[in-house]
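**Q** Single-letter residue listing:
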Amino acid sequence: MKRLALFLMIALWLAPAVCAGAETAKIFQEANAGYRTGDYAKAAELYESLIAQEPHVAVFYYDLANTYVRLGKLSRAILNYEKSLRLDPRNGDIRENLRYTRGLLEYRVEDTRNWYLKATEVVLKYATEREVYVVALAVLFVFLAGGILFFLNGRGVFWNPWQRFVFIVLLLAVLVAFGKHVQSNVIRDAIVMQKECEAHYGPSEHDQVAFRMGEGIKVFVMDRREDWSRVLLTNGESGWVKDSDIAEVKV
Amino acid sequence: MKKILCAALIIWGVFAPALQAEEVRVSASLDKRSVQPGEEVRLSIRVTGQSMNLQAPRLSQLDGFETYYTGRASHISVINGVSSSNVEFSYTLIPQRAGRFTLSPVEVQVGQNILRTEPLEIEVSGGQSQMPGAPQASPQRVTTQPSRPSSVPQTIPQDEAFTASPGTDDNIFVQAWVDRKTLYQNEQMLLTYSLYTRYDTRYEGFDKEPETSGFWIEEFPMDRDVPRETVRANGKRYVKADVKKLALFPTAPGNYTIQPGTLKVSIREEPQGSNAFDEFFSDSFFTGGSFFARRQNRLLAPPPIQLVVKPLPENGKPESFQGAVGNFRLSAAVDKEKVKQNEPVTLKMVIEGEGNIETITRPKVPALTGFKTYDADTNSKLFQTENVIGGTKSFEVVFIPKEEGSSFIPPVEFSFFDPRQEKYVTLRTPNFPIQVEHSEQNFQMPQELAGNAIFQKQVKSEGKGIRYIDEKIPEAFPGHAADGVYAILLWGDLLLFVLLLVLWMKDRQDRLFSKDQALRRRKTARATASVNMSRLKKLAHSSKEEDAAAFFVELEKAMIQYITDKWNLSTYGVTRQDLEETLAVHFGADDAHLKDVFELYRLCDESRFGKGSIPQASKKIGLKIFQDTVNRIERMRK
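From first to last, the protein sequence lines are chains A and B.
Residue numbers are given in the working numbering: position 123 of the first sequence equals residue 123, and the series is strictly consecutive.
Residue numbers are given in the working numbering: position 601 of the second sequence equals residue 601, and the series is strictly consecutive.
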């Protein structure tokens with residue numbers, strides 16, 4: 001009797017999720033059908049609705065980005081590819097399609113950053129923030145467990161070679177986790193959404209235009225001032241653009 | 001050691017007298033007594049009987065002659081214990097004008113003595129002669145056909161051949177010259193470095209390499225003994241040697257300037273002396289120079305060379321032409337004429353001839369239906385004959401017939417441009433018939449080609465596009481699992497951290513207590529008292545008679561243990577009086593609580609020695625006194 005009650009409770013608790021999952025799958029299939037038949041506008045609308053329901057599924061962003069490529073909306077496509085990469089950073093298809101779509105852009109920005117900055121970015125982008133944290137916590141777990149075993153055993157040296165090795169790994173893991181935190185939460189990257197976007201020397205229309213760029217260009221938001229954002233490009237140029245001209249890559 | 005000394009003495013005894021036995025004689029001779037102006041005469045001064053430490057004699061100024069020293073030769077022989085030696089110094093005399101001349105005696109210093117040669121007569125007759133200052137090319141320079149090894153034209157343009165750079169020593173210079181100044185793209189041109197010298201000279205190599213951008217270069221290996229010849233220029237005689245030869249192939253048409261670079265040579269300084277080593281180490285490049293003679297380095301920079309490279313004519317250029325220039329022959333063969341389906345046939349083509357063989361590419365093989373075609377092997381061998389670069393290059397192509405029946409490998413064309421005839425030449429391989437028999441064997445890469453990736457066809461991208469959408473919703477579980485793992489690890493780490501902290505503090509306390517027992521007792525007194533208090537409370541609730549007795553026994557023990565722990569007194573040897581004195585010291589003799597403690601002792605004594613049951617209230621009073629005592633002392637200690 002007790003078991004039956006427990007089963008019913010679990011069933012009642014899971015029921016909304018199961019129903020929602022079935023509904024999501026149905027919309028997803030409809031969206032895919034729209035993509036297959038060339039009804040990209042409908043597919044995009046459905047993928048957008050799926051993302052509104054489940055904002056942490058990389059596939060939805062990826063498929064939406066593909067749909068936007070078909071519709072010729074390259075900036076939206078790149079934005080969604082970037083979002084899907086945040087959730088699924090080792091997906092080769094996403095990377096390949098992002099590279100392809102960037103090749104279709106009118107503007108191209110040379111990356112003149114130092115090699116170690118580029119290397120760090122590439123390494124950190126190979127894992128999600130959560131994955132990096134899990135690894136760091138796991139290493140910390142091993143380190144703490146080693147310490148506890150030492151005290152419980154009551155023998156030996158705390159700083160034995162194994163513990164030192166784990167400590168060094170822990171330091172590295174913490175460093176990587178810190179870097180990932182900075183990359184994900186401090187450095188805010190954004191995509192230019194307008195066909196033509198003017199970057200000014202100051203946060204107003206009256207300030208002189210510093211440079212122009214086109215849709216799909218990736219920028220780093222360095223500062224915010226009312227409706228303006230100061231952005232930095234990978235070639236070292238920086239300027240102020242309207243907030244409405246860019247969209248942050250944020251999941 | 002003694003043996004060595006004996007041997008040295010014997011050798012000295014045998015040879016020393018013999019070496020010094022012969023009388024020293026000096027003589028001079030001319031190889032001809034009658035010459036024409038400008039004609040070379042060799043003067044030899046021979047010293048016999050003494051060849052050690054001789055200096056080359058200096059010739060006095062000879063009016064009407066130009067003279068220069070050309071080296072020395074020496075010879076020592078010991079026959080039947082008698083030695084003979086002679087040294088011959090050679091000079092070249094070039095008469096400048098007609099007349100009858102007498103060469104005055106030449107002085108030779110032999111040890112402390114000065115010996116003189118006899119005077120020599122020479123007649124320089126007039127008539128048609130090679131006048132001084134008239135440049136004269138070497139008689140060896142001839143023009144021959146390029147198809148043979150010695151066929152490249154070698155004629156030096158007369159206006160350049162014998163000019164030294166202004167302001168430099170005109171007794172030595174280098175001429176860089178090319179066999180042609182106008183040539184076709186990819187046609188061979190010979191760049192030669194000729195060294196002209198009137199000194200005892202040694203060629204040391206390039207100091208600065210030539211700048212030949214736009215040219216494919218092949219270097220000719222030079223012999224150690226460079227052939228030399230005597231030539232005359234500007235009224236002077238020079239020894240000339242071609243010290244370097246390069247074959248250049250221009251890669252594109254246009255006007256070019258070749259900077260020939262700088263050559264390094266060393267010349268022997270005027271002979272100042274000679275010794276025994278000079279006799280044996282005569283190793284000069286041109287003349288009998290000495291290994292130990294003082295030498296002076298010179299850098300020689302020939303002037304730049306202007307060239308015109310003509311483009312290959314478009315007119316008549318065959319489709320099979322791929323840039324080969326020269327003169328070539330083509331031969332071809334197949335390894336078998338009868339094969340089974342999917343069995344390979346190898347066509348080997350050999351191109352042989354003169355020209356830049358390295359740049360020749362495989363002749364285009366026509367597309368064959370019914371055959372799979374693979375490039376198999378390419379080999380080239382370079383020949384560097386006297387003045388021509390040539391060689392052979394072979395190409396192997398593997399054909400694998402897919403269908404049975406009679407078939408053939410059609411002629412393969414190879415075209416080249418012949419610069420001598422100034423026209424394109426096309427060569428063809430024969431038509432090779434192939435009989436293909438039926439076979440059930442499926443196609444597979446021939447064993448000789450398998451494992452070599454270059455023979456496999458490349459997978460090539462046909463176009464660019466985006467990859468297809470992902471139609472599979474990812475399982476919800478992995479994402480949640482990651483969240484779960486993250487949460488477990490986070491809380492687990494927190495827990496472990498707290499646990500580790502506690503263990504660390506306990507460990508620290510244990511270490512401290514192990515060093516100070518009094519401290520340990522003092523710090524743990526209250527905890528022990530609390531444990532005892534709990535046990536006493538249980539006993540107090542019991543209604544059994546024996547439990548009541550046990551209660552007061554335990555109460556007294558607990559009291560004693562607490563007080564002794566607090567002040568580090570011996571638990572076993574302490575008396576009630578000791579306790580009372582200790583409490584009196586800390587509480588004060590008139591303290592009210594001290595009386596309570598005495599009351600507690602009284603109750604304990606009554607329970608043990610009194611008759612009749614102990615009321616429940618006494619237990620509570622006892623407990624309260626114990627608790628108050630503990631609290632009082634704890635407060636006091638703080």
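FYI, nobody ran anything at the bench for these hints, they're computed from the structure.
Cβ coordinates follow ideal geometry from the N, Cα and C atoms, glycine included.
Some hints could be false.
[Claimed, not checked] Quick list of in silico lysine-lysine cross-link-like pairs, DSBU-like style, CA-CA up to 35 Å:
# : chain 1 : residue 1 : chain 2 : residue 2
1 : B       : K464      : B       : K381
2 : A       : K218      : A       : K42
3 : A       : K125      : B       : K620
4 : B       : K472      : A       : K73
5 : B       : K472      : A       : K195
6 : B       : K523      : B       : K423
7 : B       : K472      : A       : K42
8 : B       : K472      : A       : K118
[What the hints assert, rightly or not] Here are the computed distance ranges between Cβ atoms for each label pair:
#  : chain 1 : residue 1 : chain 2 : residue 2 : range
9  : B       : P366      : A       : E110      : 57 to 63 Å
10 : A       : I168      : B       : Y468      : 42 to 48 Å
11 : B       : L495      : A       : N114      : 53 to 59 Å
12 : A       : K242      : B       : K472      : 51 to 57 Å
13 : A       : G72       : B       : L495      : 42 to 48 Å
14 : A       : R95       : B       : V502      : 17 to 23 Å
15 : B       : L494      : A       : S244      : 39 to 45 Å
16 : B       : L494      : A       : N114      : 35 to 41 Å
17 : A       : S244      : B       : D375      : 34 to 40 Å
18 : B       : Y468      : A       : N114      : 34 to 40 Å
19 : A       : E205      : B       : T257      : 19 to 25 Å
20 : B       : N255      : A       : R70       : 36 to 42 Å
21 : B       : D578      : A       : I168      : 34 to 40 Å
22 : A       : E110      : B       : K364      : 39 to 45 Å
**Q** The hint says 34 to 40 Å between D578(B) and I168(A); measuring C-beta to C-beta, is that right?
**A** 59 Å, violated
**Q** Is it true that P366(B) and E110(A) lie within 57 to 63 Å of each other by Cβ?
**A** 46 Å, violated
**Q** For the pair N255(B) and R70(A), does the Cβ-Cβ distance stay inside 36 to 42 Å?
**A** 56 Å, violated
**Q** CB of E110(A) to CB of K364(B), is that within 39 to 45 Å?
**A** 41 Å, holds
**Q** Hinted pair, alpha-carbon criterion (35 Å max): K472(B), K118(A). Please report holds or violated.
**A** 33 Å, holds
**Q** Could you say whether the range 42 to 48 Å given as a hint is met by the Cβ separation of I168(A) and Y468(B)?
**A** 44 Å, holds
**Q** Can the restraint linking K218(A) and K42(A) be considered satisfied, given a maximum Cα separation of 35 Å?
**A** 27 Å, holds
**Q** Kindly confirm whether 17 to 23 Å is satisfied by the beta carbon distance between R95(A) and V502(B).
**A** Given range 17 to 23 Å: violated, Cβ gap about 48 Å.
**Q** Per the hint of 51 to 57 Å, is the separation of the Cβ atoms of K242(A) and K472(B) within bounds?
**A** The hinted range 51 to 57 Å is violated for K242(A) and K472(B), with Cβ atoms some 39 Å apart.
**Q** Using the Cβ atoms, figure out if L494(B) sits within 35 to 41 Å of N114(A).
**A** 38 Å, holds
**Q** CB of S244(A) to CB of D375(B), is that within 34 to 40 Å?
**A** 60 Å, violated
**Q** Keeping to a limit of 35 Å between CA atoms, is the pair of K472(B) and K42(A) held or broken?
**A** 19 Å, holds
In summary, the structure is inconsistent with hints 1, 3, 6, 9, 11, 12, 13, 14, 17, 19, 20 and 21 from the numbered list given earlier, while agreeing with the others.
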